[in-house]
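Residue numbers (my numbering), protein chains in the order written: chain A, 1 to 455; chain B, 1 to 455.
Worth flagging that the hints you see were computed from the coordinates, not collected in a lab. Model, not experiment: these values are computed from the prediction. It is possible that part of the hints are untrue.
Copies of the same chain are indistinguishable here, so a pair counts whether it falls within one copy or spans any two.
[Unchecked claim] Derived pair list, reagent style DMTMM-like, types lysine to aspartate or glutamate, alpha-carbon separation capped at 25 Å:
#  : residue 1 : residue 2
1  : 420       : 452
2  : 420       : 165
3  : 228       : 72
4  : 75        : 218
5  : 183       : 452
6  : 358       : 253
7  : 201       : 165
8  : 201       : 42
9  : 180       : 81
10 : 211       : 81
11 : 227       : 66
12 : 211       : 258
13 : 241       : 203
14 : 355       : 74
15 : 50        : 26
16 : 14        : 160
17 : 180       : 256
18 : 418       : 160
Number of protein chains: 2
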Amino acid sequence: MVRLNAQTREEYTKQIIQAIDMQNLEQFRELFFDLHPTDQVDVFNSLTKKQRDMVYQYIDANEFSEIFEELEIEKQTQYIEELPETYTTDVLNHMPDDDLVDFLGLLPEETKDFYLSKMDKEEAQEVIQLLEYEEQTAGAIMTTEFVAISSTETVQNVLEMLRKEAPAAETIYYLYVVNKQEKLVGVVSLRELIAAPLNEKIDNMMLTRIKYVETSSDQEDVARIMKKYDFLALPVVAAEKLVGIITIDDIMDVVEEETEEDFAEIVGGKGTFDENISSFSAARKRAPWIVLLLFFGMVKGGIIGVFEDTLEQYIMLAAFIPLIMDSAGNTGTQALAVVVRSFAVEGKQRTSIRKIMKREFGIGVVLGLICAVALLIIVPLMFPEGGLILAGIVGVSLILTLCVATVVGAMVPFLAEKLKLDPAVASGPFITTINDVLGLVIYFAIATRLLDYLI
Amino acid sequence: MVRLNAQTREEYTKQIIQAIDMQNLEQFRELFFDLHPTDQVDVFNSLTKKQRDMVYQYIDANEFSEIFEELEIEKQTQYIEELPETYTTDVLNHMPDDDLVDFLGLLPEETKDFYLSKMDKEEAQEVIQLLEYEEQTAGAIMTTEFVAISSTETVQNVLEMLRKEAPAAETIYYLYVVNKQEKLVGVVSLRELIAAPLNEKIDNMMLTRIKYVETSSDQEDVARIMKKYDFLALPVVAAEKLVGIITIDDIMDVVEEETEEDFAEIVGGKGTFDENISSFSAARKRAPWIVLLLFFGMVKGGIIGVFEDTLEQYIMLAAFIPLIMDSAGNTGTQALAVVVRSFAVEGKQRTSIRKIMKREFGIGVVLGLICAVALLIIVPLMFPEGGLILAGIVGVSLILTLCVATVVGAMVPFLAEKLKLDPAVASGPFITTINDVLGLVIYFAIATRLLDYLI
Numbered sequence: 001m002v003r004l005n006a007q008t009r010e011e012y013t014k015q016i017i018q019a020i021d022m023q024n025l026e027q028f029r030e031l032f033f034d035l036h037p038t039d040q041v042d043v044f045n046s047l048t049k050k051q052r053d054m055v056y057q058y059i060d061a062n063e064f065s066e067i068f069e070e071l072e073i074e075k076q077t078q079y080i081e082e083l084p085e086t087y088t089t090d091v092l093n094h095m096p097d098d099d100l101v102d103f104l105g106l107l108p109e110e111t112k113d114f115y116l117s118k119m120d121k122e123e124a125q126e127v128i129q130l131l132e133y134e135e136q137t138a139g140a141i142m143t144t145e146f147v148a149i150s151s152t153e154t155v156q157n158v159l160e161m162l163r164k165e166a167p168a169a170e171t172i173y174y175l176y177v178v179n180k181q182e183k184l185v186g187v188v189s190l191r192e193l194i195a196a197p198l199n200e201k202i203d204n205m206m207l208t209r210i211k212y213v214e215t216s217s218d219q220e221d222v223a224r225i226m227k228k229y230d231f232l233a234l235p236v237v238a239a240e241k242l243v244g245i246i247t248i249d250d251i252m253d254v255v256e257e258e259t260e261e262d263f264a265e266i267v268g269g270k271g272t273f274d275e276n277i278s279s280f281s282a283a284r285k286r287a288p289w290i291v292l293l294l295f296f297g298m299v300k301g302g303i304i305g306v307f308e309d310t311l312e313q314y315i316m317l318a319a320f321i322p323l324i325m326d327s328a329g330n331t332g333t334q335a336l337a338v339v340v341r342s343f344a345v346e347g348k349q350r351t352s353i354r355k356i357m358k359r360e361f362g363i364g365v366v367l368g369l370i371c372a373v374a375l376l377i378i379v380p381l382m383f384p385e386g387g388l389i390l391a392g393i394v395g396v397s398l399i400l401t402l403c404v405a406t407v408v409g410a411m412v413p414f415l416a417e418k419l420k421l422d423p424a425v426a427s428g429p430f431i432t433t434i435n436d437v438l439g440l441v442i443y444f445a446i447a448t449r450l451l452d453y454l455i
Numbered sequence: 001m002v003r004l005n006a007q008t009r010e011e012y013t014k015q016i017i018q019a020i021d022m023q024n025l026e027q028f029r030e031l032f033f034d035l036h037p038t039d040q041v042d043v044f045n046s047l048t049k050k051q052r053d054m055v056y057q058y059i060d061a062n063e064f065s066e067i068f069e070e071l072e073i074e075k076q077t078q079y080i081e082e083l084p085e086t087y088t089t090d091v092l093n094h095m096p097d098d099d100l101v102d103f104l105g106l107l108p109e110e111t112k113d114f115y116l117s118k119m120d121k122e123e124a125q126e127v128i129q130l131l132e133y134e135e136q137t138a139g140a141i142m143t144t145e146f147v148a149i150s151s152t153e154t155v156q157n158v159l160e161m162l163r164k165e166a167p168a169a170e171t172i173y174y175l176y177v178v179n180k181q182e183k184l185v186g187v188v189s190l191r192e193l194i195a196a197p198l199n200e201k202i203d204n205m206m207l208t209r210i211k212y213v214e215t216s217s218d219q220e221d222v223a224r225i226m227k228k229y230d231f232l233a234l235p236v237v238a239a240e241k242l243v244g245i246i247t248i249d250d251i252m253d254v255v256e257e258e259t260e261e262d263f264a265e266i267v268g269g270k271g272t273f274d275e276n277i278s279s280f281s282a283a284r285k286r287a288p289w290i291v292l293l294l295f296f297g298m299v300k301g302g303i304i305g306v307f308e309d310t311l312e313q314y315i316m317l318a319a320f321i322p323l324i325m326d327s328a329g330n331t332g333t334q335a336l337a338v339v340v341r342s343f344a345v346e347g348k349q350r351t352s353i354r355k356i357m358k359r360e361f362g363i364g365v366v367l368g369l370i371c372a373v374a375l376l377i378i379v380p381l382m383f384p385e386g387g388l389i390l391a392g393i394v395g396v397s398l399i400l401t402l403c404v405a406t407v408v409g410a411m412v413p414f415l416a417e418k419l420k421l422d423p424a425v426a427s428g429p430f431i432t433t434i435n436d437v438l439g440l441v442i443y444f445a446i447a448t449r450l451l452d453y454l455i
């Protein structure tokens, strides 16, 4: 058993690189091909251009294509340019079509057509079709490399057929049963097939209650169904015809991608998670955000400016600005997070807006009351003169602010969706700004009213 | 093909409930068992206590156990109390041991022992062992229901053995090869087995470079390995002996759970995502947080109080408090999010602290400069008198604040880990508070120095 911990892994990589540098073809192949393909990719990524050029000579196009399909898309785009002329066709033909679609989809039109022209006609045709599906739909992430069988076959026949088709298919663990019109009529798992008598007809053992998605289904819905039913693959149909499957490994990526998208929107930083870019590029990506924040900051400053007279008369009102803003911002973001996650987890069968709003408003009231009580105890200790009034002002403002903030946080994503607005309007900084402004207005308006009692 | 969209699903559920209410045993069974087990669970959960009692009569213990194992743990705890006496043993024996461990692990010691005493001795023994592993480790989430084979078998032998074992095993898609000492020596996928000649020896076809985890491995590491290598299952070893496997469906849950944990920590709301609790319970869960925030707000207020004289002399300094706080809070949280996500995604092989800090500091500098330029243009337009000085004060404060905030945001999670502190100290509200306080101190300190030029 080859045990690779971080240290031996580094040692092992060094040996492989040494073999390349010494031009020791045999040793390189022996060491390299003893690795899992995913680890081969790690090693390959750590090579210099010159070393990679050696590798292209040491392994053939078919062997390389196993590595190429596992590479990240950025690396694929980089390396394909440096491949030997003879490699390209083999590499492209060999790639699973869902990965190929991801890769080609990012290229400029001309480059894409150039690579498509190098491929087998039939393969290319399939890929061109897949490229037409809208991004983030089932059609765009599915593969056409599935195993379809007929319901009239016997278990024995199917097992023999699988012997041949197993290497090319994306998965053989679910076998989809289609009729003569290519309509999906049933499903059999390989596990059931293995356990069944050899002369059993597929017809008699297949499940006919099939979960499936349409090519236009959102990838989030695909992920939800696969997670709910613990499927390893899910069939995709168009006009009832089986046109592809989506496998669990692709869905794992979708789940992570979608969660990070939600995440980035709430902390308000697109491009926050891309770690391979320089400070300068990252800053440039975040700059529009921070300038927007600056503008929002000015708006809040403007509100404070409006109440300059009030503030001038009782300067210590300024001390509670952070408290009002923090409470408004934090509870609003929490409510927002609850709603955004419930969209992601529950999909179309989600909890009703009314139920969530009621619950969040209730939370606002209870939290507000708790805070008000705490303030009534602490503030008079801090400000012996007029402290009770001050605590009253801050306390009442806080109750109102929390109620408003939870409702705004919960409502905006629903509204944005209803109005078909960019979901980014529901992102953290926007909601925080709305809530801060409302909170400050509530606070200073109440303070202005009660000022006479304070001084 | 039974096509269940939301509407027909509701209709279908109604029919099942009607069958129960009419005491139509036959119709109930026909409708109910045509559903996927996961959908049976949905229907079952929508029944009243009285209806459930009918169901217990209509289906036997073995059939019910299929439903029971799919239930959420809260529901399991509720329903098991109302099961007919004869059901309990069958239901518990039938449950996959990893699910049983999740269920029993949450019960009080006495109740747990009571249920264990009802089970088959052998099964109970296995479960007791599993219960001893620490939470969130590979040992705690693994199942012992795997298929182990010997390397001396032929493909034909293994296929015949699988015919019998397929129904009981958690997965048969990977077959783990062990030697006489039960040590893990190889792995064969069912796909390779299907494609191989029947008389081939396992020895000749098994992969010997095996990825595996120890029982004590963190579940996050398990998820990372399975995602990286696209595995459907991963073996768990203790002292080189194969003791269990972890399947992809359990890992999907782990991925979501871990991401939500990270998420909840950054928005600062444990219990935020549990939707089935009332406003009051949710508020009670969040109350310690909000009271802590209140306290933090007082600290920030205290800082402003310290600079009361400065503020009194030039009241409009208050207008930029939100801007300083927002910028500090937002950039700090972004840096924090980057680091927390990189912990989750990269695991032990993570980017070095120095590299991340350097990058984040760089981002702080660039963003600060951009903001300062924007301020130098806007502020003099807003405040014709002394606007340039004011812009200078705010601008310089902002550059310093952003640099400090990014570094604090990136550093605290590293520090917390190094010092083995509760990772909650690295959560959003704490970091925002530190950054707000630092930002306010920087701002007012600079303003106090330059006050003479302002008025």
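The hints, checked one at a time:
| no. | hint | in the structure |
| --- | --- | --- |
| 1 | 420 / 452 | neither (47 Å within a copy, 52 Å between copies) |
| 2 | 420 / 165 | neither (45 Å within a copy, 52 Å between copies) |
| 3 | 228 / 72 | between (29 Å within a copy, 12 Å between copies) |
| 4 | 75 / 218 | neither (27 Å within a copy, 30 Å between copies) |
| 5 | 183 / 452 | neither (79 Å within a copy, 83 Å between copies) |
| 6 | 358 / 253 | neither (35 Å within a copy, 29 Å between copies) |
| 7 | 201 / 165 | both (20 Å within a copy, 21 Å between copies) |
| 8 | 201 / 42 | neither (46 Å within a copy, 32 Å between copies) |
| 9 | 180 / 81 | neither (44 Å within a copy, 51 Å between copies) |
| 10 | 211 / 81 | neither (42 Å within a copy, 33 Å between copies) |
| 11 | 227 / 66 | between (28 Å within a copy, 18 Å between copies) |
| 12 | 211 / 258 | within (22 Å within a copy, 28 Å between copies) |
| 13 | 241 / 203 | within (18 Å within a copy, 42 Å between copies) |
| 14 | 355 / 74 | between (44 Å within a copy, 21 Å between copies) |
| 15 | 50 / 26 | within (18 Å within a copy, 73 Å between copies) |
| 16 | 14 / 160 | neither (44 Å within a copy, 44 Å between copies) |
| 17 | 180 / 256 | neither (38 Å within a copy, 41 Å between copies) |
| 18 | 418 / 160 | neither (53 Å within a copy, 57 Å between copies) |
Checked against the numbered hints listed earlier, the structure breaks hints 1, 2, 4, 5, 6, 8, 9, 10, 16, 17, 18; every other hint is satisfied.
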